[in-house]
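> The primary structure of each chain is shown beneath.
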Amino acid sequence: MSEALLFLAAALRISVPYTLAALGASINERGGVINIALEGMMLHGALAYTLGAFWTGSAWAGVAAAVLAGALTGALHALVTVRFRADQITSGLGINLLAAGLTKFVLKAVFGSSSNSSRVVGLPEWHVPGLSDLPALGPVLSSPLVLLTIALVLAGHWLLFRSVFGLRLRSIGERPAAAATLGLSVPLYRTLGLLISGALAGLAGAWLASEQHSFTDGMTGGRGYIAIAAMIVGKWSPLGAAAACLLFGAAEALQIALQGSAFPNELLQMLPYLVTMLALAGFIGRAVAPAAIGVPYDPEEHA
Amino acid sequence: MSSPARRVPRAARALLVAAGPLASVALALGAGALFILAIGEHPLQIYGLLFRQSLGTGYGLGQSLFKATPLIFTGLAVSLGFRAGLFNIGAEGQLTLGGFAAALVGAGLAGWPAPLLLPLCVLAAALAGGLWGGIPGALKARLGSHEVINTIMLNFIAFALVSWWGHRVFQPATVRTATIGAGAHLARLDALAPALRGSPANLALALGLIAALAVGAFLFRSRRGYELRAVGLAPGAAEYGGISIGANQALALVLSGALAGLGGVNFVNGYKHFFEQGFAGGAGFIGIAVALLGRNHPIGVVAAALFFGVLGYGGLVINARVPKELVEILQALVILIAIVVQQVIDRMLRRLP
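Sequence order for the protein chains is A and B.
The first sequence begins at 0 in numbering that gives the first Met the number 0 and counts up by one.
The second sequence begins at 0 in numbering that gives the first Met the number 0 and counts up by one.
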């Protein structure tokens, strides 16, 4: 029993960055903008956390810097795809390449190494009465970012499906021209969606850097792409995406648990990607993207 | 993409086609200069050093050509997909598997004579890449599932697959295969052009140029190529004209994957003579930049691949003064700026009478 709980705790811990990034993507993609840039947003967030914590000595300053860096990266994606209406997939890939180069460049300039930073502080643990004393799950539920992630998923779900903002954003993702006819600004909502998504992915980066107490080159290791996968498997819904992230986190926890055994780890590594392809192909329910996703909104075309 | 440009005369059109990419490169180099300044170096000196060393010496030129070779293949791969209206982000995985297959064949049949072994290696690379491109191709054609996501996922699956298979075929405590037989070697170019002495440029470059010619002939001189482009430009109209959308999409991704897979012979057969994990080093992704800058035309792709090859080697040259990651930043900036510039130009053209 306690072993199962320990496993759940490990899966929960691993799934935190996936969940934050996938949550953001669920929100912004509902507005009709594809976000392949999660990896880059996360990487920028991780570096910003490290720099913030390094220069101020405060983990929370690092978190603020990470959120800001992520949001700025979202703003760049918005500038290219919303303001200039350029291709969203290409922009996302370009941003990921930019982040890979830029973070190493800054790392070298600040820390004199292109592979890792100096050691920085991590986030403190909170003693939450009731939660922190739970068996096995206590430590993970004492982490402020884990608690924040759970709260954000619930808030994100409410925002997307119960708030006026969410209703408007979703209508823009389905029928931008119709939404514009009602007086909604398509560029404004899409940009806001990307800022939210960037901030959350930045926070995911902060978690990674805080856990590791440093920044290392390419430390996101494809997690942004796994978050996209989770968003698809979760059908562009925060709760669904969070469940998918927990599943992927469990697959990774299993890899760690099985390390050294005869079971080929690589097969478990493939799991998130295979599940996503199956979901896209319609074998696991149907994962249907918002109708207007990927299409730049050009008011002249609808004039 | 070319429809708005059709209203202007031919010469002006060619200029317009090249104007976007050239302006994008200039703007990217300009933005890159800010990073050089931030480090406290002089942009013109650094760029001068970069281009002099990678173009001005025989060795540097050879290095640039070597770096450009896989980009020709991946650039062609991505552009062929674009022509059919498909975005192949899987070139990195296809390239990896192509190199892996070439090495397995080259090492497994090491004693075979060159006239048999070399073509078999090349074929294996193309088949492995083609197979890996065929999966999203078939899924797109049969189920309509999005090739972008599937090709991204298949990249990671390819990496995991190679690691898994590697337990059996990698040399103890390494991530490389055994050495391929001498019959599988592609000759170094410095055997023909002594000026390139010591550089790893090899006959894979010639193979890349042949591939570019073949892609050009296929796209613009063959019926299949016409059908493929028709599906890319106007799928509905193409289907009404009796062209199968699904079959052409699947074909495009198979060919695209095969082209990317072929790129693997540059490293495996032409340079190291074994497969090593991570050899692709992002060439699959830079292929997207190559296709964009080359405007999906084989001539443009070759030119853009050479440019990125020069940048790739140039980064190593300047590393003592400016972090070589400047080049990665430049590559990314070219991508982001090129898609914006193209939008602006297209919009300007649409406003022309």
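Hints are computed from structural coordinates only; laboratory data are not their basis.
Here the structure is a predicted model, which is why all the values come from computation and not from measurement.
Please note that a few of the clues may not be correct.
Looking from chain B toward chain A, a few residues come up when the C-beta cut is under 8 Å (computed) [as the list claims (entries may be wrong)]:
no., residue
1, His-145
2, Ile-156
3, Asp-189
4, Leu-191
The beta carbon of each residue, even a glycine, is placed where N, CA and C say it ideally should be.
> It remains to establish, for every hint, whether it holds in the given structure.
Structure-based check of each hint:
At about 6 Å, the closest approach between the beta carbon of His-145 (chain B) and any beta carbon in chain A falls short of 8 Å, and the interface hint on this residue holds. The beta carbon of Ile-156 (chain B) comes within 5 Å of a beta carbon in chain A, closer than 8 Å, and the hint placing it at the interface holds. Look at Asp-189 (chain B): its Cβ only gets to about 31 Å from chain A, farther than 8 Å, so that hint breaks. For Leu-191 (chain B), the shortest C-beta to C-beta distance to chain A is roughly 34 Å, which exceeds 8 Å, and the interface hint is violated.
Of the numbered hints given earlier, the model fails hints 3 and 4; all others are met.
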